[in-house]
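K.L.:
Chains as they are written, first to last, in the numbering used here: chain A, 24 to 271; chain B, 24 to 271; chain C, 24 to 271; chain D, 24 to 271; chain E, 24 to 271; chain F, 24 to 271.
Check the hints yourself; a few may be wrong.
Which copy is meant is left open, because identical chains are indistinguishable; a pair holds if it fits in one copy or across any two.
Straight-line Cα separation of at most 20 Å, SDA-like style, residue types lysine to any residue; simulated pairs [unchecked claim]:
1) K208 x L38
2) K39 x E121
3) K208 x E35
4) K250 x Y203
5) K250 x G238
6) K208 x V32
7) K39 x G123
8) K186 x A269
9) K250 x Q184
10) K262 x S41
Calculated from the structure, these hints are not laboratory results. Quick caveat, the model's predicted, so the values are computed rather than measured.
Chain by chain, the residues run as shown.
6 protein chains.
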Amino acid sequence: MQLHLTTWVEVEAYLKTSRGIIMPIGSTEQHGPNGLVGTDAICAEVIARGVGEATGALVGPTIPVGMAVHHMEFPGSMTLKPSTLIALVRDYVGSLAEHGFQRFFFVNGHGGNVATLRAAFYEVYAEQRALRGRDAPDLRCTLVNWWENAEIGRLSRELFQGKEGSHATPSEVSVTQYAYPDSIKTAAMEPEQAPAGSFYDARDFRRRYPDGRIGSAPGLATPEHGKRLYDAAVEAIAKQYTTFLAEA
Amino acid sequence: MQLHLTTWVEVEAYLKTSRGIIMPIGSTEQHGPNGLVGTDAICAEVIARGVGEATGALVGPTIPVGMAVHHMEFPGSMTLKPSTLIALVRDYVGSLAEHGFQRFFFVNGHGGNVATLRAAFYEVYAEQRALRGRDAPDLRCTLVNWWENAEIGRLSRELFQGKEGSHATPSEVSVTQYAYPDSIKTAAMEPEQAPAGSFYDARDFRRRYPDGRIGSAPGLATPEHGKRLYDAAVEAIAKQYTTFLAEA
Amino acid sequence: MQLHLTTWVEVEAYLKTSRGIIMPIGSTEQHGPNGLVGTDAICAEVIARGVGEATGALVGPTIPVGMAVHHMEFPGSMTLKPSTLIALVRDYVGSLAEHGFQRFFFVNGHGGNVATLRAAFYEVYAEQRALRGRDAPDLRCTLVNWWENAEIGRLSRELFQGKEGSHATPSEVSVTQYAYPDSIKTAAMEPEQAPAGSFYDARDFRRRYPDGRIGSAPGLATPEHGKRLYDAAVEAIAKQYTTFLAEA
Amino acid sequence: MQLHLTTWVEVEAYLKTSRGIIMPIGSTEQHGPNGLVGTDAICAEVIARGVGEATGALVGPTIPVGMAVHHMEFPGSMTLKPSTLIALVRDYVGSLAEHGFQRFFFVNGHGGNVATLRAAFYEVYAEQRALRGRDAPDLRCTLVNWWENAEIGRLSRELFQGKEGSHATPSEVSVTQYAYPDSIKTAAMEPEQAPAGSFYDARDFRRRYPDGRIGSAPGLATPEHGKRLYDAAVEAIAKQYTTFLAEA
Amino acid sequence: MQLHLTTWVEVEAYLKTSRGIIMPIGSTEQHGPNGLVGTDAICAEVIARGVGEATGALVGPTIPVGMAVHHMEFPGSMTLKPSTLIALVRDYVGSLAEHGFQRFFFVNGHGGNVATLRAAFYEVYAEQRALRGRDAPDLRCTLVNWWENAEIGRLSRELFQGKEGSHATPSEVSVTQYAYPDSIKTAAMEPEQAPAGSFYDARDFRRRYPDGRIGSAPGLATPEHGKRLYDAAVEAIAKQYTTFLAEA
Amino acid sequence: MQLHLTTWVEVEAYLKTSRGIIMPIGSTEQHGPNGLVGTDAICAEVIARGVGEATGALVGPTIPVGMAVHHMEFPGSMTLKPSTLIALVRDYVGSLAEHGFQRFFFVNGHGGNVATLRAAFYEVYAEQRALRGRDAPDLRCTLVNWWENAEIGRLSRELFQGKEGSHATPSEVSVTQYAYPDSIKTAAMEPEQAPAGSFYDARDFRRRYPDGRIGSAPGLATPEHGKRLYDAAVEAIAKQYTTFLAEA
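The task is simple: from the sequences and hints, build the whole structure.
P.N.:
See below:
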């Protein structure tokens with residue numbers, strides 16, 4: 024059940040049964056020679072939608088642009104400043120809280136969002152506390168990275184044999200190939216597996232990782248792998264969502 | 024050509040041929056008893072995509088949540104504060120300008136966004152001027168409301184006979200029915216055509232328009248009408264985009 | 024009755040009879056070779072004062088500097104960034120709302136303010152809603168451009184015969200000549216009527232309109248015309264204010 | 024020479040002769056039973072104008088609303104939050120600096136503005152340094168309180184014999200009576216001279232000074248005294264401005 | 024009693040006896056050839072601690088970096104923008120007010136902080152008023168500059184004979200020598216007493232005062248003088264704090 | 024070498040040998056019945072100082088108050104909103120970068136700071152990129168949590184046998200006891216080891232962890248353990264700092 028495809032009357036009815044909502048957040052940034060600029064948003068969106076179907080949860084609009092300052096040396100990358108993303112999340116959660124939503128479960132597609140998103144949760148708590156004091160609603164925000172669970176870890180190792188890497192990974196590229204089979208890209212990549220490591224700002228990133236990949240071999244991606252990863256992620260995250268709602 | 028479905032290498036190639044980009048912006052807000060909460064985002068997104076196909080332009084990610092403070096008494100509505108939306112647009116345009124984009128053509132799905140979006144354009148100009156002075160790139164931002172052109176006006180009058188109204192209109196509901204035929208909703212509405220008028224804040228809106236519609240009879244919407252409206256909008260706006268790029 | 028020329032005791036008494044206040048907002052920006060930099064502020068201020076006299080309404084302090092980013096290539100032009108103007112309007116309205124004012128009627132002298140001012144109104148509504156929830160006072164903000172009413176339209180056509188234009192117009196210059204007869208300026212202008220059109224940022228504006236005028240022939244301005252325009256504007260806007268206060 | 028009453032062409036010419044500008048800043052706040060809400064703005068404006076006439080300096084638009092949080096328990100008082108006033112001053116000075124102004128001489132009418140205004144000057148310096156580094160123009164901002172000079176001190180003692188006080192003073196009320204003789208108010212005040220002291224927030228202010236005066240006997244004000252004070256202030260401040268411009 | 028060296032249980036007990044807290048604020052900026060970069064923070068911290076011991080008051084964490092934009096041409100100087108310092112003070116006071124603290128007594132070590140700190144107090148009052156209206160707690164903020172009292176004035180004249188100056192003074196250097204005897208620096212200074220005067224931005228400051236001192240002869244500093252100054256300051260400020268708490 | 028205890032001349036000399044600086048950041052928040060409110064700031068400060076001594080690095084001023092929204096139900100806890108902490112870090116790093124510092128090594132004492140601090144690093148990079156484009160200095164920011172290294176992990180297991188927990192831990196309490204032996208607190212705690220788990224906002228935290236501890240047995244702390252932990256942390260982190268500086 025996607026918020027975009029419901030009426031307000033249906034939302035009103037939903038709120039009588041649940042205070043939870045799933046919020047996909049991605050990024051719009053380079054994903055190497057064969058990865059889509061929208062990879063992170065696509066993964067978050069389709070997996071969140073699958074979790075919504077599996078659990079009956081409402082799924083909010085995908086945040087398509089996240090915190091990707093470090094990718095800005097590659098054309099097509101977009102970013103919010105951290106302070107802007109915090110304001111956006113504060114407004115999203117604040118809006119939904121006015122209607123009675125209290126459990127915000129962010130399905131995240133981009134590691135670069137994590138810090139800012141967590142900071143945003145505390146900005147939300149601080150604001151609610153300032154505005155409502157001890158009468159503030161019992162809001163709870165959490166995030167899961169779709170690839171950080173045992174099932175995806177196992178599958179990635181099986182499918183990609185240590186060539187997953189940390190950016191422009193064959194896992195995420197596979198999920199987008201499964202989701203958008205008409206947009207599968209091919210590109211020669213040399214070496215097959217990119218160097219691994221860390222980075223600081225955007226220029227440093229590009230200097231270290233000239234084609235945009237970090238530690239990954241996204242040439243291994245296939246839509247079939249994508250389907251298996253999608254299924255595993257939905258199953259794992261549906262359980263996490265259910266647990267989140269059930270917490271005392 | 025959608026930014027989300029391209030690689031950075033393809034964007035780099037595109038920038039050698041064009042400095043323009045189409046930016047869809049919608050809203051996530053009630054649209055009456057049978058209109059989807061995502062109506063404005065859906066209309067902006069599908070029409071922008073059509074314009075992109077017609078013109079070969081790149082289409083950026085849809086801004087799904089806009090300025091909808093006045094809808095906040097209806098469950099499911101979300102809003103950015105105007106100041107947040109300005110910051111978001113500043114970051115979107117600023118990011119893309121780093122890569123060489125200079126012509127930003129916003130296809131807007133929500134009248135409530137217009138003022139803030141226009142304000143944001145000047146925030147962009149002011150910031151560029153502060154940062155780069157007279158060396159700033161020649162950035163140009165404009166917006167079109169998809170329903171504000173002669174073709175859509177004519178078609179709306181033909182199809183809905185004066186029952187278009189100004190919110191939750193049969194035109195926009197039709198476009199969403201065409202885009203998402205599996206999500207067509209039916210609802211009894213009394214009266215068939217809602218009262219027309221203006222409003223101030225969210226409580227005032229709900230008091231005047233208790234089911235969310237303003238002046239409209241969205242029960243008249245059909246996916247067939249949606250297709251005609253979509254085609255007309257794409258054709259009209261493709262011309263506007265071309266003119267925008269060609270301006271001296 | 025101007026707020027600046029009353030005592031707090033008089034304001035206290037006024038609030039027992041009315042919740043309305045008139046807020047003039049202008050701009051400090053070039054107005055072509057013979058127009059004053061203060062044209063928009065002067066027009067808004069004197070017309071608002073006239074409306075105050077006609078209706079018994081309190082008139083607040085004029086906002087002298089508005090959103091004029093696009094005029095910044097002409098010496099003497101000043102601007103607030105849109106985000107600053109939003110903060111200012113939020114503070115103005117918020118201050119007055121503390122005392123019980125609820126109807127804010129902005130008399131605007133500058134087209135460039137409209138978008139940001141409308142955005143500001145929603146920032147106000149959003150803040151009040153956040154702070155006070157459903158106990159927030161029933162605040163209503165509106166704006167009228169002094170030149171946008173049937174009477175002024177008719178008079179402009181009669182007096183200037185299609186040479187009104189859209190910036191540094193003979194109408195606004197006439198009103199300032201009526202208001203400040205000691206500051207009437209003369210300047211050769213070539214051509215008599217400037218080219219019309221639109222613009223993007225400040226450099227683009229100056230390139231298109233090198234002497235600052237858009238579509239206008241302000242050499243036609245006279246203080247006598249100014250008086251007629253002033254009288255017509257006051258009469259028209261006094262009615263609009265009365266209607267605004269009477270709205271359910 | 025008032026900026027509002029000049030054309031951009033005249034400003035361009037002025038800038039060839041001087042980089043200085045006078046900026047009046049007042050407040051819109053209660054001034055006791057017989058003082059005008061606009062007292063501080065009026066005093067700053069008329070004295071600044073006089074200084075402009077005496078020195079040939081350009082005088083910018085008056086900032087009518089300043090930092091008056093502590094007066095907010097009295098109807099009619101308006102305030103900017105300090106952070107808003109800082110943003111406003113930053114935009115004012117930044118705008119004028121784009122044209123080549125470099126010496127900003129604020130004539131202040133309200134003690135409550137001083138701290139925020141001084142903070143704003145450093146916000147300006149910090150921003151210029153960030154934006155332009157060591158190529159930043161040599162901007163200098165200063166402020167004078169119109170009543171803080173030897174001449175006004177002497178005159179106040181002569182005229183009011185120790186009953187000047189610190190808010191709603193007979194000096195400032197006299198200046199407004201001289202400037203606006205049609206708006207002279209009379210009011211019984213008990214005691215003739217209000218209690219003196221300090222205060223914290225707005226409620227504390229009202230509790231200590233129930234009619235709004237601090238330490239003053241504004242019943243002693245006359246327009247004749249106002250003229251003498253005006254003349255003395257203009258003479259003293261004109262010298263200060265000249266010195267400011269001449270500083271190495 | 025320093026907040027940093029107490030447990031929350033002890034703070035809870037303290038709050039049953041007092042609503043007051045002492046807040047040291049310094050700066051991290053050049054202090055001439057033999058003054059420490061931390062001079063202002065050190066003075067504020069040690070004197071505040073002494074006042075805490077003398078009065079039994081709780082002493083909060085020292086704000087080590089203040090508003091020092093004008094010192095930025097000297098290596099090691101750090102500054103918050105005024106707007107950042109205002110936000111910081113708002114958060115500090117706001118946090119402590121949640122626990123019931125109501126009397127905030129800032130012991131300041133840096134003249135450059137005064138304006139911004141005073142502005143911040145009104146930002147606090149404005150925010151509390153917005154959030155809580157007339158139910159806001161009776162918060163009171165004040166600041167004392169440790170060197171601005173009769174005792175320190177007398178001692179400075181006795182010890183330094185008119186060579187105190189206004190920046191990098193022998194008084195403040197002496198206090199740091201007393202506090203950190205292992206960090207006493209010696210440096211040739213020519214002339215012994217630096218030129219006095221004012222300044223605008225950072226470049227102007229460095230141009231006028233090339234070694235960082237203003238009007239001072241810090242070569243006269245000794246730790247023995249520091250002890251006398253420390254003792255005098257603590258005694259004087261302890262009285263001021265007691266008076267502050269006792270105010271109606 | 025602590026910045027606070029150096030002169031600007033010494034900093035100037037240091038910058039000829041190194042571009043690196045160590046920045047301690049703590050928090051001011053409850054640390055259970057026997058932990059000091061300043062625990063995190065103290066640990067960060069003393070360990071950073073030790074690392075500075077071990078490596079010859081300059082150590083900046085400790086940030087004493089961090090992001091501790093979740094501790095605000097316990098008296099004495101203070102917090103910056105995440106957006107304020109981001110602004111502060113941006114100003115700290117920006118100030119130091121003006122002098123030529125390029126390697127910012129934050130020694131962190133509080134897990135709750137991590138997300139906001141990481142977000143702040145990207146705010147810094149984004150701002151530098153906006154201001155200076157590709158001419159921006161090669162700034163690099165990183166953080167280490169003092170307790171997150173193999174040595175401390177091993178020691179904690181040896182000393183506390185699985186009773187370390189995650190807040191108000193015996194390790195951090197031990198370090199403060201070593202640093203401030205005169206401020207060792209004793210308190211009965213029941214149970215000896217607090218329950219472990221996660222939390223959302225401040226009320227949720229207090230409900231789950233009524234005495235403030237999470238999973239820890241801080242009664243096991245001793246100053247002797249503190250010394251061993253301090254030594255191990257300094258040794259481990261000195262290596263990390265050296266590696267950081269040496270990175271290509």
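K.L.:
Work down the list of hints and note, for each, if the structure agrees.
P.N.:
Evaluation of the provided hints:
Proximity of K208 and L38 under a CA criterion of 20 Å is satisfied inter-copy only: 19 Å between copies versus 42 Å inside one chain copy. With identical chains, the CA atoms of K39 and E121 are at most 20 Å apart within one copy only, with a shortest distance of 14 Å there and 34 Å across copies. For the identical chains of this complex, K208 and E35 are inter-copy neighbours only, at 15 Å across copies versus 42 Å inside a copy, given an alpha-carbon limit of 20 Å. In the homo-oligomer, the alpha carbons of K250 and Y203 lie at most 20 Å apart inside one protomer (11 Å), although the nearest pairing across protomers, at 23 Å, exceeds that limit.
For a Cα distance limit of 20 Å, the shortest separation of K250 from G238 qualifies neither inside one copy, at 23 Å, nor across copies, at 40 Å. In this assembly of identical chains, K208 and V32 lie within 20 Å of each other by CA distance solely across copies; the values are 11 Å between and 42 Å within a copy. For the identical chains of this complex, K39 and G123 are intra-copy neighbours only, at 9 Å inside a copy versus 37 Å across copies, given an alpha-carbon limit of 20 Å. Taking the shortest alpha-carbon separations for K186 and A269, neither the intra-copy value of 37 Å nor the inter-copy value of 28 Å comes in at or below 20 Å.
In this assembly of identical chains, K250 and Q184 lie within 20 Å of each other by CA distance solely inside one copy; the values are 18 Å within and 45 Å between copies. In this assembly of identical chains, the alpha carbons of K262 and S41 lie at most 20 Å apart only when taken from the same copy (16 Å versus 46 Å across copies).
Figure legend: structure checked against the earlier numbered hints; hints not met, in rising order: 5 and 8.
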